[in-house]
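Chains U and V are the protein sequences, given in the same order.
In terms of numbering that gives the first Met the number 0, the first sequence opens at residue 0 and continues consecutively.
In terms of numbering that gives the first Met the number 0, the second sequence opens at residue 0 and continues consecutively.
It is worth saying that the hints were derived from the structure and are not from the lab.
As the structure is a prediction and not an experimental result, all values here were calculated from the model.
Any given hint could be a false lead.
Unchecked claim - Below, computed lysine-lysine pairings styled on PhoX-like, alpha-carbon distance capped at 20 Å:
(1) K178(V) with K72(U)
(2) K54(U) with K178(V)
(3) K19(U) with K61(U)
(4) K68(U) with K178(V)
(5) K108(V) with K19(U)
(6) K189(U) with K72(U)
(7) K112(U) with K94(U)
(8) K94(U) with K263(V)
(9) K94(U) with K267(V)
(10) K94(U) with K184(V)
(11) K94(U) with K178(V)
(12) K219(U) with K246(U)
(13) K61(U) with K72(U)
Said to hold, decoys possible - If we take Cβ atoms under 8 Å as the criterion, some of the chain U residues that face chain V in the derived model are:
(14) A89
(15) P92
(16) Y134
Unchecked claim - Just so you have them, the derived chain V footprint on chain U, three or more residues with Cβ under 8 Å:
(17) 74 to 88
(18) 95 to 109
Glycine is no exception: its CB is placed at the ideal position from the N, C-alpha and C atoms.
Chain residues, written in single-letter form:
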Amino acid sequence: MGAMIPKLTIEDLTVQYVAKEQTTVAVEHVNLTVADGEFVSIVGPSGCGKSTLLKAVSALLKPSNGVIKLDGKRVQGVPDSVGFVFQNDALLPWKTIVDNVRLPLEIRGYSRKEQETEALRLLETVGLKGFENYYPQQLSGGMQKRVALARSFGYDPDLYLMDEPFGPLDAQTRVTIGDAFLKMWEKVGKSVLFVTHDIEEAIVLSDRVVVMSKRPGRIKAVFEVNLERPRPYYDSRFDTRFKDLQKEIWSYIADEE
Amino acid sequence: MEQAESGTVLSQPEEKAGKARISSRLQILLGRILTGIVIFGLWQGLSGPVFKSTWVSRPSLIYTRLAKMTMDGSLWFHLSITLQEMLIGLVIGMIVGTVLGILMATSGKVQHYFSPYIMALSSLPRAALAPLFVVWFGIGLNSKISVVVMMVVFLAYYNAYEGIRNLDSDLTQMMNSFKATRLQKLRWHTLPSIAPWMMNSIRLGIGTSTIGAVIAEMVGANRGIGYYISYSSALIDTTGVFAGLVVIMIVAVFLDQVIVFSEKQIFKYRSVNG
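The shape of chain U in the complex, shown without the other chains (with noise of 0.2 Å):
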């Protein structure tokens, strides 16, 4: 097979801000590889950039030094396989349920009539099947969320940025859908850099964690995830491996605050 090209390099980022005349910091000299089929989760305490990063990738973000790679291939300007997963899920409150995830399905050209029937058929995978004629406001916000996820897997990206997709959940929500998104994700197989605040989530979800320092934030330690796949969302939590983990990471982000 030869050298694997990583589907996602990032090398000495470093991206700044400057407000007033006043110069903030965001991520400073990060280096990280997501490789094709990875999952990497970005855990940190807030305010430490994790949310940069993933607009840097993006380009939704002009980074002030470093490189970003997809494929190797350098990034210059909103690149074509990548997937944005929002915190609040940004979805169109004047369109329909069905309308919102025909949109990225009518961003790349398909015929009217396939959107249709890809966005049915992609609501039925979320279980939101009977609801295409809602307007997202008479949903859930877990509901909503699907939407969202469904939206995403519609556009079908090489790489997922997530940012807190979950966040704004309540807990027993949050474990549905996160227990729902693994599933879909692992019939996809698609990489994701994925940035969240709950340790638990990034470990049950991902192949490594990636603990950053606050601001201005760096890559303060790497961990494997060594439990093996497919996994029980909820259930991993209480594998010996996964609380030593937990552990580990914990007195990582302790230190940072």
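Position chain V against the provided structure of chain U, taking the given hints into account.
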């Protein structure tokens, strides 16, 4: 994924609440009719014994005049031209103002070059331009439409501009992350986002365009409700002046109701239960 979370779809409003709403609406309607009767009754009764009826006319006289004007066709003769000026001016003003607002708000630095001048223009008492427009465009339709456009265009401009400035940045980033084209962004995100702002412009624009059309007609015209009002006032025909004003009022209220109705249709997604 077998089942959706419970308690997700909110229940329909209960029948009881619906009945209570109907009865309270009925009450409001009755109250309104009663208030109208009192106001018009006072006007009718006091005009003559207390005020000179040549100053304030009387509802019965105005009614008779309007009936007569409807019969002999002069009402439609004047009203049709005023409506044309208003609506054509409103449409042109809305389109031009909205397009300018969108362009400016998305123009980056360029907006700062123009903003003081736009501000200065918009603070101009634009009714004062009416005589100038009559000189430029003659006493026909064009000068009246120009005045209406001048009055509506800034409304539309500022509303569109503010609408763009208030776009949800998460939605903007979402559209960008999917690599939507400019046209797709406009259709899926920008226009629906600023639609409520545009609706607001149209609603305010109805009143403004009425003022514009009537003032322009008073300055120089040979047709239109504004012309009829100024003609009547030159003859000290108070009833004629009031008849003209009543027609304008009815038109404005009617158009406003049309807007309220279409607002409910267009923005259904906002009023769905939840």
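Hints and how they fare:
For the hint pairing K178(V) with K72(U), the CA-to-CA distance comes to about 18 Å; that is within 20 Å, so the pair holds. For a cut-off of 20 Å, the pair hint linking K54(U) to K178(V) stands: about 14 Å separates their Cα positions. Between the alpha carbons of K19(U) and K61(U) the distance comes to roughly 18 Å, so the proposed pair stays at or under 20 Å and holds. Between K68(U) and K178(V) the CA atoms are separated by roughly 18 Å; this keeps the pair inside 20 Å, and the hint holds.
Taking the CA atoms of K108(V) and K19(U), the gap is near 17 Å; set against the 20 Å cutoff, the hint holds. With a C-alpha separation of about 18 Å, the suggested pairing of K189(U) with K72(U) holds against the 20 Å cut-off. Proximity of K112(U) to K94(U) is assessed by CA-CA distance (about 17 Å); at most 20 Å being required, the pair is judged to hold. About 16 Å separates the Cα atoms of K94(U) and K263(V), which keeps this hinted pair within 20 Å; it holds.
A distance of roughly 11 Å separates the Cα atoms of K94(U) and K267(V); the hinted pair therefore holds under the 20 Å criterion. Taking the CA atoms of K94(U) and K184(V), the gap is near 14 Å; set against the 20 Å cutoff, the hint holds. Among the hinted pairs, K94(U) with K178(V) is consistent with the structure: their alpha-carbon atoms are about 19 Å apart, no more than 20 Å. For the given pair, K219(U) sits about 16 Å from K246(U) by alpha-carbon distance, which is consistent with the 20 Å threshold.
Our distance criterion of 20 Å between C-alpha atoms is met by K61(U) and K72(U), whose separation comes to about 17 Å. This hint holds: A89(U) has a C-beta 4 Å from the nearest C-beta of chain V, less than the 8 Å allowed. With a cut of 8 Å, the hint placing P92(U) at the interface with chain V holds, because the nearest CB-to-CB distance is about 6 Å. Restraint check, Y134(U) versus chain V: the minimum CB separation of about 5 Å is within 8 Å; hint holds.
Under a criterion of three residues with beta carbons nearer than 8 Å to beta carbons of chain V, the stated coverage of the segment 74 to 88 of chain U is upheld, 7 such residues being counted. For a cut-off of 8 Å, the count of residues in the segment 95 to 109 of chain U with a CB near a CB of chain V stands at 4, and the three-residue condition holds.
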